[in-house]
Amino acid sequence: MTDLTRLTLAAARDGLAKKDFTSGELTGAYVSAIEAASTLNTYITVTADKAREMARASDERIAKGDAGALEGIPLGIKDLFCTKDVLTTAASHILDGFVPPYESSVTQNLWNDGAVMLGKLNNDEFAMGSSNETSFYGPVINPWRRKGSDSKLVPGGSSGGSSSAVAARLCLGATATDTGGSIRQPASFTGTVGIKPTYGRCSRWGVVAFASSLDQAGPITRDVRDAAILLRSMAGYDEKDSTSVDRAVPDYEASLGQSVKGLRVGIPKEYRVEGMPSEIEALWARGIDWLKAAGAEIVEVSLPHTKYALPSYYIIAPAEASSNLARYDGVRYGLRVAGKDITDLYERTRAEGFGAEVRRRVLIGTYVLSAGYYDAYYVKAQQVRALIARDFTQAFEKVDVLLTPTAPSAAFGIGEKTADPLSMYLNDVFTVPVNLAGLPGISIPAGLSGEGLPLGLQLIGRAFDEETLFRAAHAIEQAADFTAEPEAWWRA
Amino acid sequence: MSVDQNTVRRIARLARIAVTQEELAPLAGELSGILAWVEQLNGLDTTGVEPMTSAVAMSLKSREDVITSGNLQAEVTRNAPLSEDGFFVVPKVVE
Amino acid sequence: MREPRKEDLIEGATGPWEIVLGLEVHAQVASKAKLFSGASTEFGAEPNTQVSFVDAAMPGMLPVINWYCVEQAVRTGLGLKAQINLRSVFDRKNYFYPDLPQGYQISQFKYPVVGEGVIVIDLPGQRSVSVGIERLHLEQDAGKSLHDQDPSNSFVDLNRSGVALMEIVSRPDMRSAEEAQAYVRKLRTILRYLGTCDGNMDEGSLRADVNVSVRRIGAELGTRCEIKNVNSIRFIGQAIEYEARRQIDVLEDGGVITQETRLFDPRAGETRSMRSKEEAHDYRYFPDPDLLPLVLTQNQVDAIAASLPELPDEKKARFISAYGLSPYDATVLVAERAPADFYEAVAKGRDPKLAANWVTGDFFAALAREGFTIETSPVSAEALGQLIDLIVDGTISGRIAKQVFEKMFKDGRDPAKIVEEEGLRQVTDLSAIEASIDAVIAANPDKAAQAKDKPNLAGWFVGQVMKTTSGKANPQVVNEILLRKLGISSAG
Ligand SMILES: [Mg+2]
Ligand SMILES: [Zn+2]
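Protein chains in written order, with my numbering: chain A, 5 to 496; chain B, 378 to 472; chain C, -11 to 480.
Looking at chain A on its own, in the form it has when it is part of the complex (with noise of 0.2 Å):
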């Protein structure tokens, strides 16, 4: 038999479907590949047994003929989604041993249609970061390395066990969240495909929060099939969820291989950054091309608060963490160290239980809601976000989709940048704008760089969308023909 892992998520689940081979099988070559992988660090917790379990009773509905749209399907998940009776971290050490007694939404949806969970996946922690070097369980590796070089790249995050393990073939497919660009960075460095939905089409229900009003789930998959047919499970309307729209889901798969021809793409000129590498243009360029040879129309377009969206962002995400994270204080669940009395006891735990970037923003996110600087931060930067949502509003009427790099840079080197945290922020500058506004964006693997790492263009929808941004990213899919794979180095 064939190396079952080198299957797209379609094409297992076609398999699967024509009985060439089962679940167990699939799984189990996973679960093999997984304890072959440990190099790379991208699972927290590996259940294997639990995937054995569900993979048998998978076999036995597709033996019935009830399989659902995942049937048998192994996926990784982001140790942000809270998985019933598995520990869940959100890579802290913070909620050390936490068993949830619940399961997220939108896993439970996977689950609902048939996928087996084969493990919890390695992330920033608390979703912080842009390059899953800020773990409890460690840092992520790249399964891409440099063209000659072997040290150890990021495979950016905060999402970097989930966009590692599919690059590395660790799973079918991963669960992402996305706040500033956590999905689609991590995707664009591990030439993997990520999509951000419209806030609101996926539940926020038992995900770890990291920013409230930012955060929002998607996959991380090998081509833009696979994440249209993974999203389509994720989403849908949950009344748990507050924020959540009740809205019936599309049929993503269906969009693609439709015409782009008379797409207005539209191409924002302040996301020319001062400094972008001259690979980056080059590739952006490349993209503009492929898609008016697809018989779309490029129209240029103006955002023109892009430059504030990163400071404001860093303002609303921290605020809003400082507040999110103040439940991790030792009492019910999680790390206790025991203190002289209930306020000791607080802030031992939550010293000890929280690491330097997560205690930054925290501290940064107090600073600003704090009396007297309350509007001048949040307030401010919560106006911000207003007008840079008017701007894609107001591009929105000229254009169907804007296409953008993803990242202004490949993946960097493991330590490279952590000394530097503003330097850090700034890899989610096309990213961020996003997710203030709301909107759907999805990473494309389209290239590599000159060091032979992959390169990822964004694409960025209305509001509810995203069966444009399919179409569009099938059709840039299609052009790039990206088949560039990292070698297979860290097999044990």
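Any given hint could turn out to be false.
Stated by the list, open to error - Here are the simulated DSS-like pairs of lysine-lysine, each with C-alpha atoms no more than 30 Å apart in a straight line:
no.: 1; chain 1: A; residue 1: Lys88; chain 2: A; residue 2: Lys273
no.: 2; chain 1: C; residue 1: Lys216; chain 2: B; residue 2: Lys469
no.: 3; chain 1: C; residue 1: Lys132; chain 2: A; residue 2: Lys88
no.: 4; chain 1: C; residue 1: Lys336; chain 2: C; residue 2: Lys398
no.: 5; chain 1: C; residue 1: Lys20; chain 2: B; residue 2: Lys438
no.: 6; chain 1: C; residue 1: Lys81; chain 2: B; residue 2: Lys438
no.: 7; chain 1: B; residue 1: Lys438; chain 2: A; residue 2: Lys344
Keep in mind that the hints were calculated from the coordinates and are not lab data.
Could you slot chains B and C with the ligands onto chain A? The hints should help.
Leaving out everything else, chains B and C with the ligands in the frame of chain A:
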């Protein structure tokens, strides 16, 4: 806004995060750097702009007055570092 | 501004002082489920059994508002003649405390659902005072910590965590403990009329934070201290008296009042400082990003307004104008909805004043004496009405009626039946009455002789006749015949 060590201490206290004496100076530096950077927003006139309240247009969801949850004492307390007789237990709080 | 009343002033060593009082009342919404979760609000359950994962602030849990609670807040606002804000916002009030699992309380800070209103309080001597309502907002209750179970630990029960409260904030419009107590009584009456809060202070459904300050007559407001969570009307009075005296003593000794939160200890009868000054609170309020603004339509508000019952003030006015009751009787009758309804049932088609005398007199006295309420009363409104009918149509005298009433109250029998079975029918047979009178006169010739000069003696004769007829003679008839026979002019 430059943040001094006393401010770091006050903010850390509000956030209930213990900070050692040695951490104060570097933290003050980092926070000052980040705050100085976000203050580029001050270059933008936002007079009269309504602050954003929701990422996408939608209305507030609500529930009916129906009991849908309860009798979960074991599940609610099972992750607690310390619990007794169904209570969470913490060091004595004096009022 | 109100002229201070002499009797409200407190005499200090250096002259008179005026007390200024404002109240923040927390009224628990009479709902089955909590404000943002589906757990029960029932009082007195086993610890942590009425706690959902939302109430325990488990990671990833989200609030969804109970619409019934919103309606009750609006209903209460309308009952307080207050402004209803069609758009309000839920904010997070951030602070750490073991019984506050989220690390924040969801409350309404900047934009409450109800704005300015007024409560008119009734005081002895026909005095009434208007107390301004500043606002009413919805918020979550906290859990409960038990401190005296163990020498070194506190025990946390989250059953109350997340229960819906209406915080009703008054203006500093009260000038004496008596007024503050009348305010709480009146507010409780209104809440109970509306059915939005059961007003049960023993179970903590109604608690008051009392803001106390003192000043010289005509001076600016003094610094206030807030006495937290006083849970009985009696304690409110004691706490105010103590606190005002304490503040005056401090000021007269040349000290200053520091704004602080204090606790009333009912055993010691004194207030004590609760939190040390260095713990200055900075609640870092900001709009809860898990919730959207609370938007009501005018139609929704109008529908609630249309369903409001007649409120005590209107009812009282109607009782005075339609039934000719004294303000005192009217006030007593409308203090609760049940006695007012009972009274109206008794008064229907009868002499309203006679009905009021019976309800507020013998009936209320019997209820109080025997420990019954309107709901458990053995005498129904219908039966009491029948008793009054028997008096009016001359079947029994008022004196016999009192006996009949006591029998009714004892065994629940019908008044007509009691009169029949016990032969209590009034004697209206003139010859029988005349015979009794003649017998009494004949037995007391001296007194009969004096009666011409001392008409007051007629009363004594009436008493004697009633005695010999066991009270069954019609006293009016007895009186008339006696006057004639004794030769007293009936004009006398
Ligand atoms: Mg208050
Ligand atoms: Zn309150």
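To see whether the hints hold, each was checked on the structure:
For the proposed pair Lys88 of chain A and Lys273 of chain A, the alpha carbon gap of about 46 Å is over 30 Å, so the pair is violated. Taking the CA atoms of Lys216 of chain C and Lys469 of chain B, the gap is about 20 Å. The hint holds against a cut of 30 Å. A hinted pair counts as satisfied when its Cα atoms are at most 30 Å apart, and Lys132 of chain C with Lys88 of chain A qualifies at roughly 28 Å. Between Lys336 of chain C and Lys398 of chain C the CA atoms are separated by roughly 25 Å; this keeps the pair inside 30 Å, and the hint holds.
At most 30 Å may separate the alpha-carbon atoms for a hinted pair to count; Lys20 of chain C and Lys438 of chain B meet this at roughly 19 Å. A hinted pair counts as satisfied when its Cα atoms are at most 30 Å apart, and Lys81 of chain C with Lys438 of chain B qualifies at roughly 22 Å. Taking the CA atoms of Lys438 of chain B and Lys344 of chain A, the gap is about 43 Å. The hint is violated against a cut of 30 Å.
The structure shown violates the earlier hints numbered 1 and 7.
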